[in-house]
Structure formats: C-alpha cells, structure tokens
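Protein chains: 2
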Amino acid sequence: MHLGLDTGGTGTKFVLVDADGETVGTGEIPTNPDDPVDSFGYLPNMLNQWQGDREPLVPRVVGLACAGIVDPENLTLGRSPNLPGWEGRDLGAVLRRVFPASGIVLVNDVNAALYGEYRQGAGQGCRDLVMLALGTGVGGGVLVDGKLLTGGHHGAAELGHMVLDPQGPVCRCGNRGCLEAWAGSVALRHRARQAAQGEDDGAADLRRRAQDRGCDLDPRDLAEAAAAGNELASSIYAEAGTRLGQAVGNLLNVLDPDKVIIGGGVAQAGELLLEPCCREARRIVLAEGARETPIVPAELGVHAAAVGACWLAREAEAGG
Amino acid sequence: MHLGLDTGGTGTKFVLVDADGETVGTGEIPTNPDDPVDSFGYLPNMLNQWQGDREPLVPRVVGLACAGIVDPENLTLGRSPNLPGWEGRDLGAVLRRVFPASGIVLVNDVNAALYGEYRQGAGQGCRDLVMLALGTGVGGGVLVDGKLLTGGHHGAAELGHMVLDPQGPVCRCGNRGCLEAWAGSVALRHRARQAAQGEDDGAADLRRRAQDRGCDLDPRDLAEAAAAGNELASSIYAEAGTRLGQAVGNLLNVLDPDKVIIGGGVAQAGELLLEPCCREARRIVLAEGARETPIVPAELGVHAAAVGACWLAREAEAGG
Chain P
1 MHLGLDTGGT GTKFVLVDAD GETVGTGEIP TNPDDPVDSF GYLPNMLNQW QGDREPLVPR
61 VVGLACAGIV DPENLTLGRS PNLPGWEGRD LGAVLRRVFP ASGIVLVNDV NAALYGEYRQ
121 GAGQGCRDLV MLALGTGVGG GVLVDGKLLT GGHHGAAELG HMVLDPQGPV CRCGNRGCLE
181 AWAGSVALRH RARQAAQGED DGAADLRRRA QDRGCDLDPR DLAEAAAAGN ELASSIYAEA
241 GTRLGQAVGN LLNVLDPDKV IIGGGVAQAG ELLLEPCCRE ARRIVLAEGA RETPIVPAEL
301 GVHAAAVGAC WLAREAEAGG
Chain L
1001 MHLGLDTGGT GTKFVLVDAD GETVGTGEIP TNPDDPVDSF GYLPNMLNQW QGDREPLVPR
1061 VVGLACAGIV DPENLTLGRS PNLPGWEGRD LGAVLRRVFP ASGIVLVNDV NAALYGEYRQ
1121 GAGQGCRDLV MLALGTGVGG GVLVDGKLLT GGHHGAAELG HMVLDPQGPV CRCGNRGCLE
1181 AWAGSVALRH RARQAAQGED DGAADLRRRA QDRGCDLDPR DLAEAAAAGN ELASSIYAEA
1241 GTRLGQAVGN LLNVLDPDKV IIGGGVAQAG ELLLEPCCRE ARRIVLAEGA RETPIVPAEL
1301 GVHAAAVGAC WLAREAEAGG
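These protein sequences, in sequence, are chains P and L.
Going by the working numbering, the first sequence opens with residue 1, and the numbers climb by one from there.
Going by the working numbering, the second sequence opens with residue 1001, and the numbers climb by one from there.
Keep in mind that the hints were calculated from the coordinates and are not lab data.
Keep in mind that the hints are not guaranteed to be accurate.
To be verified - Subject to a maximum C-alpha distance of 20 Å in a straight line, what follows is the list of computed DMTMM-like cross-link-like pairs (lysine to aspartate or glutamate):
id, chain 1, residue 1, chain 2, residue 2
1, P, K147, P, D71
2, P, K147, P, E315
3, L, K1147, L, E1292
4, P, K147, L, D1145
5, L, K1147, L, E1317
6, L, K1147, L, E1315
7, P, K147, P, E317
8, P, K147, L, E1315
9, P, K147, P, E275
10, L, K1147, P, D258
11, L, K1147, P, D145
12, P, K147, P, E73
As the list claims (entries may be wrong) - Residues of chain L placed beyond 10 Å of chain P at every Cβ, according to the derived structure:
id, residue
13, G1027
14, A1156
15, N1250
Beta carbons: idealized from backbone N, C-alpha and C, even for Gly.
Using the sequences and the hints given, assemble the complete structure.
Shown next as structure tokens:
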C-alpha cells in the first residue's frame, strides 16, 4: 500500500494505491496553510474508513507533493507562497508522527504532476518531458531520461519565472516579464479587469459578465466570453498563449524533450491558448527535427500530483 | 592514441592524446567549408610527422566536433551556417576513408568545449553544467549528471536562440530577440557601427578607432575603447552582458546547474561583460540556494572543443 498526497493552499488531495498498483481510493482533506501538523492529523482515521474491520492501513511509503521549493534530502519546504506556515518545517518529522512506520518522499507539486503524467498520463512512453502547469502561478517540471530534474540547489524547473521580456508586466515574484505574469490565472484576471475598462463592445460585454458573476472574471469566464465571440477576450488568451509559446520554444531550444505537457486550470481554455502557443513555439525552435514536438494538454486532471507522488513513493521503495 | 578534431568555418584544430591521457600534440589545419573530404585528406601524414620513423599513427577513436546541429547516431551534420558544404554529408564515411581502423564520434562543437571544460577546465568536479560560447554566433552546451544533453531530435542546448524579447533586434536565424542578437560578435560589431554614427565624444572616439583600424570595430576593439574610458563602448557591453544575464538567469531557473561557464571570443572582455551578466542573472533566479551559482569564464581557450572531442573519443572506447 502506498499513499500519494498533494498539498496546496486550500486542500490536500490523496491517492491510495495497493501492492498491485491499483488505485484503492482518492479524496481530499482540508489543509491548514499555517500549520502542517494540523493538516495530516486525522488522515489515518479517514483512510481506515475504507478498511472497515480490517487492520489499520500502514502505507509502506508516503509521497508528499507540495507547492514551493522542496528539499527532498532534508524533507523540508523552502519558499512556498501558498503554504507560508510550512516554510522551513521538517515535513518528514510531521508525517512520521502520523505514519510512524512509513517511508517518506517529498517532491514539488508540479514535478509530481509531471511524474504522474509520465507514468500514466500524457507522457507515457517518453523519457524526456517538460511540463508547464498554469494555475494561480505557473509551475514547471523537467524529466530527463526518466528522472525529475531538481538541480544542484533544488532550484530547477522554475519555468514560470523565465523572464520573457524584462519590460513586461510585474510578476508576483517581484521581477518583470516572467511567464507567470502573462499565463498564470492571477495575470489573466488582472488583464480581464484592465480590458473591461475599455470603451468598445468587448469591454462592455466583459463588464456585463463580471456584474452577473458578482466578482472579477476568472480565466474560465474569459474563455466563455471568447467562445461566445468576444474578440477582446480571445485577444487576452492569444497574448497569454503567444507568451506561453515563447517559453515553450525556448525550452525546446534548451531541452529538446519528446513532448511538452500543458496543465493547470488556465490550460482548460484548450485551443484558445494552445493554438497561439504552438504557432509561436514552432517559430522559435531552431532544430528542424524539434519543430513538430508535440505540445499537448495534461490528461490526469486535479489528481495528477497525488498520483505522481504515489508513483514516486512506490519507486522509492523499489529503489531501496 | 586518440584524436580530437574541432572543425570551424576556417580551420580544424586537433589534439592528439596518448594511452595515458597525455597530450602528444596540438595544431590546426585549414578547412574547406564546402567539402569535408578535402579537409581531412592530409591529416594522417601531418600527424605522422610527430612519429618520425615509428609506425604510422592509428587513433583508436577519432572525436570530431563541428559547429551546427549534429546527429551523433548517423554521424551527419544538419543545419550548419559555418560549414554549408558539410550539411547532410556522411562525416563517418569521410573520416573512415582517412582513418579506416578508427572508431568515430561526432559532437557539436560547443558541447565538445563544455565536455573539455568538464574534464580538465573550469567545470572539473561538477556533474551539472551549462556553457555559453559567445563567438560569431552564440552556442550552448548542457551537462546533466555528467552527460551531454543532446535532446530527442538533436536540438537541445541551442542556447543562443532563446528569445529574450520578441521585439528585440533581428538575429541571423531570422527571429527577433535571440540571445545571439545581443551577445554574439556579429551583433556587437553591428551595435558598434550604429553607435559610431552618434554625435557625442564616445561616438567620435569609435569613429577614430575604426579609421585607425581600417575596418569595422570588433568586440576586442570595443573592449579596448571601454577600458580607455569610452562610456558608449562600455554601455554596449553592459547591454550585451545584461541580456546574457537574462539568459543565464532563465537557465538557472530551468536547470539549476552547479556552475555556468562563459566562453568564446566575446567573453574575453571579462568583467565588462560578466559583471552585468551576474547582476542580472542573480536578480532573476527564484531559488535562494541557486542565487550564488558561480558564473565563470572558460579556461581551456581555443582548443577546448578539440580537447572535449578527444575525451569523448576516449570514453566512447572505454564504454564499448
């Protein structure tokens, strides 16, 4: 039995897999972003509900995926905007208190999602992959010869903070022109709000939609407006998609992977985002053979990172 | 005995190493950029000059480094602006005609230079390295866990063609805003020519220097002018260095290597280029631990690629 956990700012998704690799259960529990101890305490009881009268569940290895910069050796979390109270905490000790007999693996959440896609999603059959996850921010993952690239200082695959234009919009990290400042959902909301202040019909339509929603438009609302023919909304996605394509094209020139996987909520806009992305990426790629590298949507959905963390837990056990 | 060759547009450098890894000889022969057969024909005779009366030299493996996109399996060269007549040619067959009893290894020239630096230069002791070679164009190399990253379509490590601003200057590849369009020597010459048309003292100084030289100023002239206090010349290097820093910062965010090595003729400007590069790169890096990653000049000079090709030849033999 192995357990994969994926902790974000609001909840922890989990996937439980038996010895044959079959998924026994999936679910979500609330997370306390200020205190990891608080977040996992009642997980064993909850898992045991599946067991009925049988022996309590003891996962052999628990894989925990977290947003932020992860130190997999010391099982600690560095900079993590979504989990401020978890920064610097010994997550190995926290999990060992809950699962004293289990091994522990810690991994960055987008790395885990990429590993999930590699093992049972859009990346199956490839050994070299790049993933961009367009959520609130933009996270990344890089797989080289079947191994996640974590870097000499746990700083690799921070793909959302490649600077695509030093004069570009301000990013949440404080720099200007990061990919995230165009293609994360915070950036899209901001652009939608700006665009709605315009004078043309498209802007009026966006204002009407925001009024109906009673709040700012999110990327999904914007995609709906675009699908209904609002060209202003389409142009915001075209800009985000083109910048995403610049990043993907650069990554093809650096890494030349077998496939690029685009995941996260913003990617649910589909072709609205992917079409300009592919066009721009292909324009930038130098090596002819790399020009047709597939750029595809993620397949595993919201449980990708928990699935990947579970795979990494299984393989950590197999590897020693 | 192993032979490392590095073929550029004008000449082929060679390094000959004996069974103990000692360098027996280095040198350069002319290259015919339109015909590889023509280029290697008299190499064996030349090598045998070192031998005097002894047996003719038969390298066990010949490592050939070439500028351009290399297919190491088929021993062919793809797109190669400096060696147009070599594109698509079976370089394995060409070399086998000259060295019928030797194994052949083909590698991109900057990859080979990086491998040389890794084995006996600035990258010794590191397993994860990035190299940028600022020559006529800008080439790149990426080493992950002691292996050169070549990519699924021989398109990896084309670091000079990362797009740093889609509105930037036109690059030789046809795109806009590639690193090469700021930090290659063609780009610096162009900027020097533009700058010399100005009205201030700095421009007048550049015009005077170009007149004395009887031709356009090259990066070395520009560095001399900067060293003599010409602020316009310094500002051109500052711009190139800052863009180089943007590229390096992005690469630190993608790969987080142990060290970044800057080589090539343009890099001989030293701190004039490296100081703004380091400043910009460190501003961009997200992971705190990666912020102090050393960004250092290459150490092996013009023979780096031939040395690296020789090491790869030796290791190809050892590996099978």
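**Message:** Which constraints among the numbered hints does this structure fail? Numbers only, ascending.
**Reply:** 3, 8, 9, 14 and 15
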